[in-house]
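The opening residue of the sequence shown carries number 0 in numbering that gives the first Met the number 0; numbering runs sequentially from there.
Worth flagging that the hints you see were computed from the coordinates, not collected in a lab. Remember, it's a predicted structure, so these values are computed and weren't measured experimentally. By construction, the Cβ of each residue, glycine as well, lies at the ideal position given by its N, Cα and C atoms. Hints may contain errors.
[Unchecked claim] Computed cross-link-like contacts, BS3-like style, restricted to lysine-lysine with a CA-CA straight-line distance of at most 27 angstroms: (1) Lys134 with Lys105; (2) Lys42 with Lys142; (3) Lys50 with Lys62; (4) Lys44 with Lys136; (5) Lys50 with Lys142; (6) Lys42 with Lys134; (7) Lys50 with Lys136.
[Stated by the list, open to error] Distance ranges between label pairs, derived from CB positions: (8) Leu110 with Glu43: 32 to 40 angstroms; (9) Gly111 with Thr39: 34 to 42 angstroms; (10) Ala139 with Val109: 18 to 26 angstroms; (11) Ser49 with Ala98: 33 to 41 angstroms.
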Amino acid sequence: MGRFSDAQLTEIALALEASNSSFLWVVRKGDEPQESWMPTSFKEKMLTNSKGLIVREWVPQLKILNHPATGVFMTHCGWNSTLESLTAGVPMLTWPLFAEQFYNEKLVEVLGCGVRVGAEVWHSTFDIKDTIVNKEKIEASLKTLMNTSGESEMIK
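The whole structure should be built from the sequences, with the hints applied where relevant.
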């Protein structure tokens, strides 16, 4: 499992906030107890507006994917995550990091059940630090799947 840099986590947070979509975001616990990457008041805004929930522990992914409120799944395209999302019928925002994940992303693209958002470069380490996907690209991909346009409905 790859680990995003603080800069990348910040971009994801800003995109979620700007998208105005409700979300459940599972963020792996880092080595440091503080979340220096989190934009000022992001967590408070999301809770106050009932738009988001950040979870720092393991979650039952399959149960979440099968919940009727789940509209989109941002995934690293590991084989199990890809199959679980396909089985649940949840469109994917694909963000492969290394190994076979880029092949799995291609499968999602061919099947027409997701939108690419993430890295274009394969990484050989678990800490992903060199390539930052900006807030605008993440937000645009998220909105593609969350709106009711023709493309969005076709993917769903």
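Going through the hints against the structure:
| no. | hint | in the structure |
| --- | --- | --- |
| 1 | Lys134 with Lys105 | 23 angstroms, holds |
| 2 | Lys42 with Lys142 | 21 angstroms, holds |
| 3 | Lys50 with Lys62 | 20 angstroms, holds |
| 4 | Lys44 with Lys136 | 22 angstroms, holds |
| 5 | Lys50 with Lys142 | 15 angstroms, holds |
| 6 | Lys42 with Lys134 | 17 angstroms, holds |
| 7 | Lys50 with Lys136 | 20 angstroms, holds |
| 8 | Leu110 with Glu43: 32 to 40 angstroms | 39 angstroms, holds |
| 9 | Gly111 with Thr39: 34 to 42 angstroms | 39 angstroms, holds |
| 10 | Ala139 with Val109: 18 to 26 angstroms | 21 angstroms, holds |
| 11 | Ser49 with Ala98: 33 to 41 angstroms | 37 angstroms, holds |
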